[in-house]
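S.K.: Here is how the chains run, residue by residue.
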Amino acid sequence: MPVLSAYFAALHRDLLLVMRRKTEVLTALFFFVIVTTLLPLGIGPEPDLLRKIAPGAMWIAALLATLLGLQRLFAADYADGTLEQMVLSPEPLSVLVAGKITAHWLVCGLPLVLLAPVIGLQFDLPTDAIGILMLTLLIGTPLLSLLGAIGAALTLGARGSALLVSLLVLPLYIPTLIFGAGAVESYIAGLGAMGHFSLLGALLILAAAFAPWATTAALRISLE
Amino acid sequence: MHTPALVSRNLSCIRGKQTLFQGLDLQLGSGQWLYLQGENGAGKTSLLRILAGLTLPADGDVLWQGSPISKQRSQYHQNLLYIGHNAGLKEDLTLTENLQALCRMDGLQIKDADIREALTRMGLAKRQHLPARVLSAGQKRRGLLARALLRPAKLWILDEPFNALDVNAIADVQNLLKAHLTQAGMLVLTSHQTPDLGTDAHGFVLNLSGSH
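Taken in sequence, the protein lines are chains A and B.
Under our numbering, the very last position in the first sequence is 224; numbers go up by exactly one each time.
Under our numbering, the very last position in the second sequence is 1212; numbers go up by exactly one each time.
Among these hints, one or two may not hold up.
Claimed, not checked - Cβ pair distances, simulated, as ranges:
(1) B:G1138 <-> A:I43: 57 to 63 Å
(2) A:M1 <-> B:Q1022: 41 to 47 Å
(3) B:K1071 <-> A:M19: 35 to 41 Å
(4) B:D1114 <-> A:G157: 31 to 37 Å
(5) B:S1074 <-> A:F31: 56 to 62 Å
(6) A:L206 <-> B:G1138: 46 to 52 Å
(7) B:R1116 <-> A:R20: 20 to 26 Å
None of these hints come from the bench; they were simulated from the model.
Each residue gets a CB set at the ideal place from its N, CA and C atoms; glycine is no exception.
I would like the entire structure built from these sequences, with the hints used as guidance.
M.R.: Here is the structure:
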């Protein structure tokens, strides 16, 4: 399947680039760790309060950490002309874009999911709530990458695009934030998190189906 | 004698308030070349981008084998090799990795040996494992032109292919272009120096400076 191999080619290339330039990824990860570590220090060692703010705090930190790398998602390729070559590929641009988004999630989203248990312990979250938190992040972070890609593509080549991306994308992130953090809170409150998970899942499916196309359309406009 | 494969009808391009060119009709058949001349800002690169399908013209359309390129993007791009004036290489990757990524994103499976051979032919055998960042501008350009050897494309659109090349490299590239034309390929290029494309191939010179 040439389409699949084009997808993996874009994915592989972006991962290879990340391996050559690790600091950029580590910045986002460090940001996540630092914010979530400073919060308990700043707020004070009161376990009840910490448990209460944990899901929201970790979700906000995850959201901002994903934003950090977003602006570079297409800007680097745009600057050196490789984006042009992708547009000129006989394979559909949306497939290549999907590969790039996957790479962004693997690099900026997945590590946050894996770090969550360690950070969760700092907030004195019970083990099963940590499990739920990891699951919401596992469904939610790809959603952040998919939505963010649309914003990154729309602001490509604009001046002050880093600020514009945040302004454009943060409102779109709000549903994910509410359902992601809400799932953990309602689980801790004993209400069950199924409803939240269904909504997050539905959002993810919708975004996975439409975000690559929307991103492609935005890229074509930006490249004109 | 040639059926024109690439046809443009009534093309015009407007940048801001300035009309760069209008009513431009072009025809290019196999084995023919088109050399665009013009001062800086005359619209050479704009025309190349329109022909490649990267930019939409303000008016008119570009046809490939009889139908508009916007209707058959994938098929047209299969036949097209476009090298813009941006290097189009990832600075952190080696030439081999760059070429591999470009070819695989075009849906081609290329063997490492083929890439090595193409780079050797472009005189870059010793540089194939160096990151593109440490190469000179001319070496990068030659590395990109190695793509032409890996990817069969009927139409080449090259923006300043001789930029930053030394005398020997220019001769090599000109031979490459001549070989492409004798294999019934088509070529559209801009250059600040008049290319010597031999006398066998038919070609046109279009001066954009005078058109507005």
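S.K.: Evaluate each hint against the coordinates.
M.R.: Here is what the structure says about each hint:
Look at G1138 of chain B against I43 of chain A: about 59 Å separates their beta carbons, and that is inside 57 to 63 Å. A beta carbon spacing of about 44 Å between M1 of chain A and Q1022 of chain B agrees with the range 41 to 47 Å that was offered as a hint. At about 40 Å, the beta-carbon gap between K1071 of chain B and M19 of chain A stays in the expected band of 35 to 41 Å. With their beta carbons about 35 Å apart, D1114 of chain B and G157 of chain A fall inside the hinted range of 31 to 37 Å.
For the pair S1074 of chain B and F31 of chain A, the beta carbons lie near 40 Å from each other, so the given range of 56 to 62 Å is not met. Separation of L206 of chain A from G1138 of chain B is about 49 Å and conforms to the stated range, judged on CB atoms against 46 to 52 Å. At roughly 21 Å, the beta carbons of R1116 of chain B and R20 of chain A sit within the given window of 20 to 26 Å.
Comparing the model with each numbered hint stated earlier shows that hint 5 is the single one that does not hold.
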